[in-house]
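Enquirer: Sequence:
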Amino acid sequence: MSSSPSSTSARRRVSPRRRTATVALAGVAALIAAAVQSGAATAAPAAPRPGKADPAHSSVRLTAAQRAGLIWDADAGRADTARSIGLGVREKLVARDVVKDGDGTLHTRYERTYAGLPVLGGDLIVDTAPSGATRRVVKASGAALKVAGLTPAVPKATAERQAVARAKALGGTRSAADSVRTVIWAATGKPVLAHETVVGGLQDDGTPNELHVITDATTGKKLYEYQGVRTGVGNTQYSGQVPLTTTQSGSAYTLTDGDRGGHKTYNLNRGTSGTGTLFSQSTDTWGNGTISDPATAGADAHYGAAVTWDFYQDTFGRSGIKNNGVGAYSRVHYGNSYVNAFWSDSCFCMTYGDGSGNADPLTALDVAGHEMSHGVTSNTAGLNYSGESGGLNEATSDIFGTGVEFFANSAADPGDYLIGEKIDINGDGTPLRYMDKPSKDGASKDSWYSGIGGVDVHYSSGPANHFFYLLSEGSGAKVIGGVSYDSPTADGLPVTGIGRDKALQIWYRALTTKWTSTTNYSGARTGTLAAAGELYGTTSAEYAAVQDAWAGVGVGTRPGGDTGTSYESTTPVAIPDNGPAITSDITVAGRSGNAPSNLRVAVNITHTWRGDLVIDLVGPSGTSYRLKNFSSSDSGDDVDETYTVNAAAEPANGTWKLKVQDQAAQDKGTLNSWKVTFP
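Counting along the sequence shown from 1, when you hit position 15 you're at 14 in numbering that gives the first Met the number 0, and nothing is skipped either side.
It is worth saying that the hints were derived from the structure and are not from the lab. Hints should not be assumed to be uniformly reliable.
Simulated DEER-style distance windows between Cβ atoms [to be verified]:
hint: 1; residue 1: Gly-498; residue 2: Ala-78; range: 49 to 57 Å
hint: 2; residue 1: Gln-662; residue 2: Gly-491; range: 30 to 38 Å
hint: 3; residue 1: Ser-336; residue 2: Lys-477; range: 33 to 41 Å
hint: 4; residue 1: Ala-476; residue 2: Gln-662; range: 40 to 48 Å
hint: 5; residue 1: Ala-648; residue 2: Thr-157; range: 19 to 27 Å
hint: 6; residue 1: Pro-117; residue 2: Asp-639; range: 28 to 36 Å
hint: 7; residue 1: Gly-498; residue 2: Ser-565; range: 28 to 36 Å
hint: 8; residue 1: Gly-270; residue 2: Gly-316; range: 34 to 42 Å
Pairs of lysine-lysine residues, derived as DSS-like cross-links and limited to a Cα-Cα distance of at most 25 Å, are as follows [as the list claims (entries may be wrong)]:
hint: 9; residue 1: Lys-189; residue 2: Lys-667
hint: 10; residue 1: Lys-220; residue 2: Lys-155
hint: 11; residue 1: Lys-145; residue 2: Lys-220
hint: 12; residue 1: Lys-155; residue 2: Lys-167
Note that the coordinates shown come from a computational prediction; the quantities given were computed from them, not determined experimentally. Beta carbons are placed, not taken as given, at the ideal position from N, Cα and C, and that holds for glycine.
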């Protein structure tokens with residue numbers, strides 16, 4: 000679901016850009032600096048062996064008791080931590096998660112409160128050395144946490160009415176909200192006093208509703224919205240005869256997995272609420288492989304939960320979704336002919352429908368892996384389920400769901416880079432999504448562009464899925480496990496993969512130690528580079544491959560930056576506030592033929608609300624190429640991006656123009672420089 004921006008008139012004039020506060024030890028500071036550079040970085044002092052993850056910078060496996068103890072310690076010292084990182088006297092920290100590295104470094108994730116109110120977008124990660132010294136702080140928002148007052152001008156009842164109306168417009172069924180609370184909204188721009196309203200009920204397709212609406216408590220304007228129930232689809236291909244861990248009580252067996260946190264599987268029997276009935280029977284053989292026995296879907300769901308648990312345990316040392324050794328639960332036979340499956344944080348459970356005509360329960364491995372990974376994301380980075388962070392949230396589930404499928408090594412459903420390939424949801428045997436070239440599904444995006452945050456999160460996930468495929472397997476045509484793939488790159492240059500296992504480790508470390516609720520694609524690149532640098536060294540092939548794979552989906556550049564011939568304008572041009580477009584010219588001469596299909600356009604603009612800007616490249620023929628769309632919800636500062644343009648229809652020689660227009664009031668800026676690079 001896309002975010003719905005507030006109106007222009009309600010915006011604040013200054014919108015501080017999110018920044019990472021870096022303190023203390025220079026080694027980690029250098030690493031993070033390297034992560035945001037395009038070129039090769041200086042080697043870390045103690046580089047790991049080539050191709051091997053550095054155990055000093057790899058997370059260690061913690062027992063539930065060890066993890067709980069570290070969180071308790073962090074909570075006990077939270078006041079000292081808040082002072083040491085420069086938080087204000089009205090700000091308090093609440094420890095939520097902790098990751099410990101082999102060298103003793105702790106990555107502690109905190110939520111924040113301000114004057115006792117929850118701060119949405121106030122989450123942060125504090126890295127501390129074994130000595131207790133603070134190494135680094137990563138904040139979801141770098142804006143100073145301060146609001147004009149704590150007394151709402153808009154009552155909660157008004158916010159509730161607006162949120163309920165919005166939920167009904169989206170197909171909701173409730174006439175009242177489940178909850179309304181006053182918060183500080185800090186996820187976009189300047190922090191403001193706000194109300195968070197949660198509306199439950201059902202959506203129009205039968206999926207449970209958990210719509211969160213953020214309303215400015217001073218102006219009454221809607222600031223943000225997202226759906227708390229993460230939906231997806233799975234395949235109806237069963238995994239054949241598989242072992243299940245069950246529990247015997249007297250003469251009865253139940254689908255209770257005592258080896259995996261007590262995970263239970265329930266039969267909703269077409270219901271849409273509650274837990275249903277725990278599967279129980281006198282024998283320990285479950286289902287008959289067909290829909291005639293309700294326990295068949297229960298067996299598939301129970302098996303999917305077990306394999307997902309084992310995948311996270313064996314691959315990352317993670318004990319359950321919350322990493323606390325406690326199992327979630329599964330519900331099958333949800334609703335009537337419900338063609339979906341979903342994860343819900345509120346019940347900490349996984350739910351499966353039975354498909355069209357109740358003939359194809361959506362209870363396969365990739366469903367379990369995808370949906371339960373939403374729970375892992377919620378309990379780590381907490382990526383907001385809207386905008387670019389929402390696309391990264393969905394991609395994380397696709398990536399780890401793919402990991403689960405490969406991990407299972409099932410002959411009935413071999414691992415692949417196709418999402419939902421067994422569903423036949425399109426009626427022609429094609430998958431739901433493709434990781435090698437996401438656009439093949441007709442809606443997903445292959446590469447990043449400035450307006451991608453406005454795309455449905457299931458499709459804005461495309462660049463991250465594409466990145467993971469490129470990092471794992473590389474570009475070009477190949478056959479893997481009997482499936483043919485052909486992955487292109489945004490810059491037309493090849494990418495050499497490093498293998499799926501390493502790619503998974505890099506993504507997981509970034510998710511658990513680098514990213515916050517507001518991480519966007521640029522931040523995802525920074526985080527994965529930092530993770531690769533810690534695991535394999537900043538001069539490693541793995542580090543370079545991360546740079547190459549992101550460049551292959553239009554995020555950042557490759558090592559060495561703008562290789563090729565560049566033409567640049569460094570003459571500043573003022574951009575009038577909500578005024579006419581300005582242009583800046585570059586003359587290209589001495590080249591033959593047409594421009595390339597991967598022309599790079601680097602733009603540097605200073606601006607206090609970059610969402611106001613629309614940017615076009617105009618070729619010598621007069622044809623315009625849109626680089627950046629208007630977005631009233633993008634409140635960040637400045638534009639410092641390199642765009643890739645297919646300009647093959649343009650003559651190379653002639654006058655190229657950059658056209659920039661500010662289309663909303665209250666903010667202004669300057670085009671500092673821009674250049675075109677012919678690879």
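Enquirer: Now tell me, hint by hint, if it's right for this structure.
Expert: Hint-by-hint comparison with the structure:
1. Gly-498 with Ala-78: 49 to 57 Å: 44 Å, violated
2. Gln-662 with Gly-491: 30 to 38 Å: 32 Å, holds
3. Ser-336 with Lys-477: 33 to 41 Å: Check passed, 39 Å falls within 33 to 41 Å.
4. Ala-476 with Gln-662: 40 to 48 Å: 42 Å, holds
5. Ala-648 with Thr-157: 19 to 27 Å: 53 Å, violated
6. Pro-117 with Asp-639: 28 to 36 Å: 32 Å, holds
7. Gly-498 with Ser-565: 28 to 36 Å: 34 Å, holds
8. Gly-270 with Gly-316: 34 to 42 Å: 37 Å, holds
9. Lys-189 with Lys-667: Between Lys-189 and Lys-667 the Cα gap is close to 17 Å, so the pair holds against 25 Å.
10. Lys-220 with Lys-155: 13 Å, holds
11. Lys-145 with Lys-220: Status holds; Cα separation ~19 Å.
12. Lys-155 with Lys-167: Cα-Cα ~18 Å, so holds.
Violation of the numbered hints given earlier is confined to hints 1 and 5; the remaining hints are satisfied by the structure.
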